[in-house]
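Got chain U; can you put chain E on it based on the hints?
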Amino acid sequence: MDFDKNQQVTKILYIGLIIVCSLVWLVPILMMLSVSFMPPEIRSPNFGGLFLPRYSFYNFALIFSEVPMLRYFYNSISVTIPSVLMVTFFSSLAAYAFSRLRFFGQDLWFTLLLLTLMLPIPTLVIPLFQISKNLHLYNTHWGLILPYTALGIPFAVIILRSYFVSFPRDLENAAKIDGCNPWTIYWRIMLPLSGPSISVVIIWQSMKSWNEFLLALITIDKNSLKTLPLVPLIYSGQYMSRPGAMFAVLTVMTLPIIAIYIFMQRFFMSGMTSGALKG
Amino acid sequence: MNRLKTSRNTQQIGLVFIAPAMILFFAYVLYPIGYIIVNSFFEWDGVNERIFIGAKNYIRMFKDEVFLLSLRNVTYWIFLTIFPQMLLGFLFAFILNHRIFGKTLYRAIIYMPAIISPVVIGIVWQRIYNPFGGLLADVGLKSGLLFLVKPYISDPKIAIFFVILVNVWQWTGWSMLLYLAAMQSINEEIFESIRLEGTSKWQEIRYIVWPMVKSTHLTLILLGVIGALQTFDLVYSLTNGGPNNSTQMLSTYIFLRSFRLQGMGYGSAISVFTLALALVLSLFQIKVLGAKFQVGD
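The listed protein sequences derive, respectively, from chains U and E.
Everything in the first sequence is counted per numbering that gives the first Met the number 0, starting at 0 for the first residue and increasing by one.
Everything in the second sequence is counted per numbering that gives the first Met the number 0, starting at 0 for the first residue and increasing by one.
Calculated directly from the structure, the hints in this document are not laboratory data.
Capping the alpha-carbon separation at 27 Å, the derived lysine-lysine pairs in BS3-like fashion look like this:
{"id": "1", "chain 1": "U", "residue 1": "Lys10", "chain 2": "E", "residue 2": "Lys102"}
{"id": "2", "chain 1": "E", "residue 1": "Lys286", "chain 2": "E", "residue 2": "Lys213"}
{"id": "3", "chain 1": "E", "residue 1": "Lys102", "chain 2": "U", "residue 2": "Lys4"}
{"id": "4", "chain 1": "E", "residue 1": "Lys200", "chain 2": "U", "residue 2": "Lys10"}
{"id": "5", "chain 1": "E", "residue 1": "Lys200", "chain 2": "U", "residue 2": "Lys4"}
{"id": "6", "chain 1": "E", "residue 1": "Lys291", "chain 2": "U", "residue 2": "Lys207"}
{"id": "7", "chain 1": "U", "residue 1": "Lys207", "chain 2": "U", "residue 2": "Lys132"}
{"id": "8", "chain 1": "U", "residue 1": "Lys10", "chain 2": "E", "residue 2": "Lys213"}
Okay, chain U solo, but in the shape it has when bound (with noise of 0.2 Å):
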């Protein structure tokens, strides 16, 4: 959209509004940012340590020595890696039976997925708790690992079946008369040609499992096995008096979610549009 000659003031007072509201829009991550780099001299500095008059690396070589954020980091991929990659497949695979196959309960196994939907999830933190415990996944990542593929199943169908009903049936038709399978056809024609929307369930459960906090606090109880959403809750007693280090910790578990973030803008945009649900 433009705008026309004669509305040149409101275009201004547009630019003006949004220059406003986006830098207050960033305050608290400057916040987190500078209070980082905060000298340990610096006691109680203006501003909640917005703007600084020194500013120092103390804070990161005190947690890289305290705190095993490499460990946290590890510990976080190795849940998300495993239930992007269930997610994706499991969901791709329903999502195509769902648009392209008919079969017994068809319609109400999707109305019970799209349920899920509705369900908010600490409603269901005590069964989830005791399955752990029964299937001894309580303290293991597998125990966070299978909830995570749960859940995030039911959204990644929605999207992908949305875009595989609206494929055209030509190429598979094509494949059918030369004798191909419905694995077939899922596996070389419909997989390979949904990329983009792939790519928008991959960035979405990506954040869902990365940020995912209320199942790993009860599912993890040591510290070793933690993933990155509990840490500041463990050094939360330790840092009490230190909210530099404290807010080391913060910076450098966000530092590489915006920087990926800043990288692949565009793909995590149109991602989390299509991904229209939130956590």
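Just chain E now, with coordinates in the frame of chain U:
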């Protein structure tokens, strides 16, 4: 006949294709729902044998002040998150749908909070809200705007509103994105034809853009209601339901009852209530208002 039969057989293979998804669904969604329903009729500390107590947990719920407080907070959350977020998100999207220098940057900034862990966000905002040397208090002291110096999240009367404010800040970018996607699918010719008639920007919003993104409004309301019932991380890290339970939500209260106060039976009853509420409210919106989980489609 023979051909029909083979084609039916190949179709039933669909059941195999959906099997992994459905097995996980039964294990991690359907079984848990049954579990909390049964468990809600028992008293259970999570360790010893559970005792059947009939509907007592449900009766207790409606006499429980903290439960009622959580219900009130959820209501506040629904109204005070959804509508401000829709209006702001719509406004930002409308502005950024114009040819403006640097719009990708503004978009990226406003969306950024949505990708950060709510746990991180909670800790950062504690510092912003701190009445002793926190950001807002200091701005207030130095500028003379003394109303900014207040115990934002330690005063039980106002704390919930400032938790909600953080939530709005975090998710506005996300509603902006949904609106942008919807606006970009509006045909450019419509704008050109009305521009010839000399309509103002306000009329453009009022008569064209706002009505044409109706399905996005509905999606945002639907997801906002479910969001209010399942929000946990931010409240847990910002106030942990306090002070004095004044920011307790149904989700955090379930957690508190079940895992901190060893009341897995009572926690299950609150879970069942919350689940039923979520289903009724979402089904109403989907069936009656025509809301959808996915924009476009």
